[in-house]
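Engineer: Letter by letter, the chains look like this.
There are 2 protein chains.
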Amino acid sequence: MTRLDMFIDRMVSQRACLDFAIAETALMGGPVFELGLGNGRTYDHLRDRVTGRPIYVFERAVASNPASTPPEDMTILGDVRETLPQAVGRFGDTASLIHADLGGHNLAKNDEFARLVSPLIAPLLAPGGLMVSSDRMYFDALEQVPLPTGAVEGRCFIYRRPTA
Amino acid sequence: MTRLDMFIDRMVSQRACLDFAIAETALMGGPVFELGLGNGRTYDHLRDRVTGRPIYVFERAVASNPASTPPEDMTILGDVRETLPQAVGRFGDTASLIHADLGGHNLAKNDEFARLVSPLIAPLLAPGGLMVSSDRMYFDALEQVPLPTGAVEGRCFIYRRPTA
Ligand SMILES: C[S@@+](CC[C@H](N)C(=O)[O-])C[C@H]1O[C@@H](n2cnc3c(N)ncnc32)[C@H](O)[C@@H]1O
Ligand code: NI
Ligand code: NI
Chain A
1 MTRLDMFIDR
11 MVSQRACLDF
21 AIAETALMGG
31 PVFELGLGNG
41 RTYDHLRDRV
51 TGRPIYVFER
61 AVASNPASTP
71 PEDMTILGDV
81 RETLPQAVGR
91 FGDTASLIHA
101 DLGGHNLAKN
111 DEFARLVSPL
121 IAPLLAPGGL
131 MVSSDRMYFD
141 ALEQVPLPTG
151 AVEGRCFIYR
161 RPTA
Chain B
1 MTRLDMFIDR
11 MVSQRACLDF
21 AIAETALMGG
31 PVFELGLGNG
41 RTYDHLRDRV
51 TGRPIYVFER
61 AVASNPASTP
71 PEDMTILGDV
81 RETLPQAVGR
91 FGDTASLIHA
101 DLGGHNLAKN
111 DEFARLVSPL
121 IAPLLAPGGL
131 MVSSDRMYFD
141 ALEQVPLPTG
151 AVEGRCFIYR
161 RPTA
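Going down the list, the sequences are from chains A and B. Heads up: the first sequence begins at 1 in UniProt numbering, then just goes up one per residue. Heads up: the second sequence begins at 1 in UniProt numbering, then just goes up one per residue.
It should be emphasised that the hints constitute simulated quantities derived from the structure, not laboratory data. There's no promise every hint is true.
Identical chains share a label here; the pair holds if one copy fits it or two copies do between them.
Cut-off 25 Å, straight-line C-alpha distance, at most; resulting in silico cross-link-like pairs (SDA-like, lysine to any residue) [said to hold, decoys possible]: (1) Lys109 / Pro66; (2) Lys109 / Ala67; (3) Lys109 / Pro85; (4) Lys109 / Gly38.
Note that the coordinates shown come from a computational prediction; the quantities given were computed from them, not determined experimentally.
From just these sequences and the hints, can you work out the full model?
Structural biologist: The structure is reproduced here in structure tokens:
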């Protein structure tokens, strides 16, 4: 497996998981949260496929392709370690879908960060809402969901907040 | 088609074209040239799949993932507009495979650059050698090769120097 192979698997899994999660939550009205804008490719995908739900983007420093830069009033600027707790006050547990792709090249650091942000993400998700992540997350109250066809085990993770 | 869809198509096409070109030129002994290191994903792929041929990387400023950074003596540092003409003196027309992924986000600029570097690349290719590019190239003496299965039309281009 080359780094190109792994990267393709990750991108393909991300798309499969997002498409699945968008469809599964299509009847929910709550906002969609994109944690980490990066180049803006998954944001562009969300924007294209999600209908009737606002999409908020959490990002420390916007550096996306101009073709997929979110409007200013939909961008929540700052470190997610601060902006996620603030978002609980603003949105409560209403998010229908949260996508996180916050990791970098250091797998150990990514895991550490996933442990740190998991408890900051969970309180934002509505009952029945889904969380899609490129890293394994550490949730108490959310349950892991089997991956859809086309996604590669270990390259993407899906979690659901039970409805009751 | 979202930017994520296009990106996946490009990566998948790149891999399909590289695998095809590596196999087609497997019996040739001449060096492989990677033009544009970037993150180093396609370099990592070449390094893994090419056997018995040296791989030289042409790059302006090395900023790859440490896991796929080429050795210093295999890196030809500088702007390809200067290093390619110099390489003709050093290598002659011996390259068995040249891969170019030099483009950025601006399609018009990429096309302009492809026109500029095409005549600098052609003199390096051995008879029967293949050139794989993310951009359409402008060659007089090379012929375009149909894409292999798995590659998406327009996302990748393959050219061959005829043997006679
Ligand atoms: C899209 S990236 C290559 C990505 C790579 N194929 C990968 O899989 O990670 C393009 C690279 O080409 C390099 N580049 C662009 N123009 C160049 C030039 N005129 N001379 C040398 N390098 C150049 C850039 O610095 C950048 O690293
Ligand atoms: Ni992503
Ligand atoms: Ni590339």
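Engineer: Does each hint fit the structure? Answer for all of them.
Structural biologist: Quick rundown of the hints versus the structure:
Taking the closest pair of Cα atoms, lysine 109 and proline 66 come within 25 Å of each other only across two copies (16 Å); inside a single copy the shortest separation is 29 Å, beyond that limit. Taking identical chains as interchangeable, the C-alpha atoms of lysine 109 and alanine 67 lie at most 25 Å apart only when they sit on different chains, with a minimum of 16 Å there against 30 Å within one chain. With identical chains, the CA atoms of lysine 109 and proline 85 are at most 25 Å apart within one copy only, with a shortest distance of 21 Å there and 43 Å across copies. Proximity of lysine 109 and glycine 38 under a CA criterion of 25 Å is satisfied in both settings, with 18 Å inside one chain copy and 22 Å between copies.
Against the hints set out earlier in the document, no violation occurs for any number.
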